[in-house]
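**Student:** Chain by chain, the residues:
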Amino acid sequence: MSAALEKPQIIAHLQKSLNYTVFESRWIPCSAKFVCMGNFARGTGVMQIYEIQHGELQLVKEIEKPKPIKCGTFGATSLQQRHLATGDFDGNLNVWNLEVPDSPVYSVKAHKEIVNAIDGVGGLGIGDGAPEIVTGSRDGTVKVWDTRQKDTPVVNMEPMEGETKRDCWTVAFGHAFNDQDRCVCAGYDNGDIKLFDLRNMSLRWETNIKNGVCSVEFDRKDINMNKLVATSLEGKFNVFDMRTQHPTKGFASVSEKAHKSTVWQVRHLPQNRDVFMTAGGAGNLHLWKYEYPAQRTKKGADDVDMGVAGSVTLLQNVTLSTQPISSLDWSPDKQGLCVCSSFDQSIRVLIVTKLNTV
Amino acid sequence: MPLIVKDHTWTQNQNTVYICVPLKGVKTANVHVICTDEYLKVSFPPFLFEVFLFGPINEEKSEARIGNGVAVFTLQKRRDELWEQLFTNIDKEKQKQVREQAILKVQEKEAEKSKAKAARIRQEKKYALETMMKLENEERDRIQKMKNEECARATADLENWREKAEENKNRQKPQRAGKHENKPVYQKTERANVTPAITPLHNNSNTTSGQRSSKQKPKDLPAPRSAGCIKISFTPRVFPTALRESRVPEEEEWLKKQAEARRAVDTDLAELDDLREEERNPDWLKEKGNKLFMAGNFQAAVNAYNLAIKLNRKIPALFSNRAACHLKLRNLHKAIEDSSQALELLTPAVAANAAARLKAHVRRGTAFCELQLYVEGLLDYQAALEIDPQNEALRNDTDKIREIIQGTTSPSSS
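Residue numbers (my numbering), protein chains in the order written: chain A, 72 to 429; chain B, 35 to 448.
Hints were generated in silico from the structure; no laboratory data involved.
Any given hint could be a false lead.
One side of the interface only, derived from the structure: several residues of chain B facing chain A at Cβ under 10 Å [said to hold, decoys possible]:
1. Pro256
2. Phe268
3. Thr269
4. Lys290
5. Lys291
6. Trp318
Cβ-to-Cβ under 10 Å is the rule here; a few derived chain B residues that face chain A [claimed, not checked]:
7. Met35
8. Ile38
9. Tyr52
10. Ser148
11. Ala153
12. Ile155
13. Arg156
14. Lys181
15. Glu200
16. Arg259
17. Gly262
Beta carbons are placed, not taken as given, at the ideal position from N, Cα and C, and that holds for glycine.
Construct all of the structure, not just a fragment, from the sequences and the given hints.
**Tutor:** Written as structure tokens, this is what we have:
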């Protein structure tokens, strides 16, 4: 029994029931506050800021907006400003100053349909280069925005003429280790994963994992691409080793089946890039650790280097609700603290213990 | 008939009677004793020894020792007196009564004993269960307590961190300008160190992040990227729907069925001998039938289809086309049969055979309406509409049939 308790434990510390559907929750950097974004039943968007005080959640601020908000990120803002970039159901990208939320700091009609996913890089002191925001939408396009450039995206990844478009469900930045390099990874509903290199403005790699891709994330945005986790429908997720790209076979990967339902979200621990948590459609969370193989590259048949994928072990799992957990965010300031929101209209603050011994 | 034993011996004193019965070589296991307060019977087949005692004895305190070829009974008298003899002289009736009583008494005793035993076993089982439950509860409580402790510790940690974070935030604002010169080295190493964080130093991470931001402020951000556009294409699929939307098992079944239908040719017909080579090919016959239908020669078309069906019963198109011919020939019942057969063959319902199903439904619907079975016809037309909701003519026909059923217009063929 004591051996079992040496594993990291996932403790549901606080829970709050809300009166609206919450799609995403994000920690405000350098604070014990987080923002929940969603939509009221009356069809308007809402952002609520909660603070953890004396063992319970206090509502600090509530902001209502005309359109429901689907996703948000603090990734592209500086630490002093801490502006939240959100995508809404109407395809608008807005950057808000949460102290003065009446009008956005930056606003653009990014897409024709709902913005499904958003990510930011270059802010918060993480990564070099200009802060940029990427949005992926149901209209099949992925666009990169710079808040200093109005109205037009900096990069636009769109289907060719006459191509039937597929919904983009998730986007992630990575490989931003110096001023020029940057990569965007996008996952689509038909199982396509595409990796775009923004330095060369080209498609660097693509693959298809058969089931719709719900979430992709690099283990770190600000280093040379190391690992990429892509989760999909039907309870599977793939971990790709991104250090070695084979010209035809692409990246090596290991696939794992878990959750017995859609894996909605994956998030790496900011303090340890080999530990990540996946959130499933049955309301459960799995904590995983990736182990590197003895040799990360090997010589293939034609004497070209190819990558070797490692293995993934399950550290802990817990079931929190009956509805899918749609979003998960680790606190960048305190190791083990995370907030998750699920479709049973509730948010939970969790503490994961013993992560320093993992 | 048991042998009565008479060569027993007995002695007595004031309060006990000793009776010694020789066992005559019978095994001790076969000796059966019934003893009550006034009667003793020892039966060891084929021998029997019974005695109606002179005076009452205390059966519970008495004992019997059986072994070494003898049975020795030590009977405690109830009344301390010397008996003149062992036996009492009582008449047959009385004897019978006493015997019966004895047997009853023994039975009762046995029953009581077994009840007591059962009760005792039940008791013990209950006790065992209760102790088990208690142990398990204790175990559960222990685990819960450990978990609670862990939880409390983590919560306290969190509170600590939060307070420190607040303090630091308040402290770092005026100090920010001063501190950043002597911290850059520490900051660089922290950034390069991507292995597990130095957890106890939470407040340090807060202050360094503050300093990091201050260091970046004077640095110029690179200009916005020059606009670019990357064109992409998506992975094609055999069926136009994504894997999660497709009904792959049904589609595969349909494809398999088609393949089988192609292969199944019924070749053991005697009439085949006098057919030409090409007339043995159901496809060729289907083509022939189609041409005859176009030319207006419906009977001949029916013949062609008949032969084709004889060769291969699994091609739905043959039935469907034959139904169309019968419709033209006004063989409405045959038309209905054939289109039903075609629809049966067109299961499972997938996108690939939608057009064929549409045609079959329309033909059957028409036949029903011609027979004035408007309700059935409407059902078929509605099914057809489900397959192809955009078809204007179909919609009009369905509405017409509905009106006819509702009796607003006089019956007319559709």
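**Student:** Confirm or reject each hint.
**Tutor:** So, going through the hints one by one against the coordinates:
1. Pro256: 5 Å, holds
2. Phe268: 5 Å, holds
3. Thr269: Hint holds; Thr269/B Cβ to chain A Cβ min 4 Å, cut 10 Å.
4. Lys290: 21 Å, violated
5. Lys291: This interface hint is violated because 25 Å lies over the 10 Å limit.
6. Trp318: This hint is violated: Trp318/B lies away from chain A, its Cβ roughly 38 Å from the closest one there, beyond 10 Å.
7. Met35: 73 Å, violated
8. Ile38: 73 Å, violated
9. Tyr52: 66 Å, violated
10. Ser148: 44 Å, violated
11. Ala153: Status violated, d = 38 Å.
12. Ile155: This hint is violated: Ile155/B lies away from chain A, its Cβ roughly 34 Å from the closest one there, beyond 10 Å.
13. Arg156: 34 Å, violated
14. Lys181: This interface hint holds because 7 Å falls under the 10 Å limit.
15. Glu200: 8 Å, holds
16. Arg259: Holds: closest Cβ of chain A sits about 4 Å from Arg259/B, inside 10 Å.
17. Gly262: Since chain A brings a Cβ to about 4 Å from Gly262/B, closer than 10 Å, the hint holds.
Hints 4, 5, 6, 7, 8, 9, 10, 11, 12 and 13 from the earlier list are contradicted by this structure; the remaining hints agree with it.
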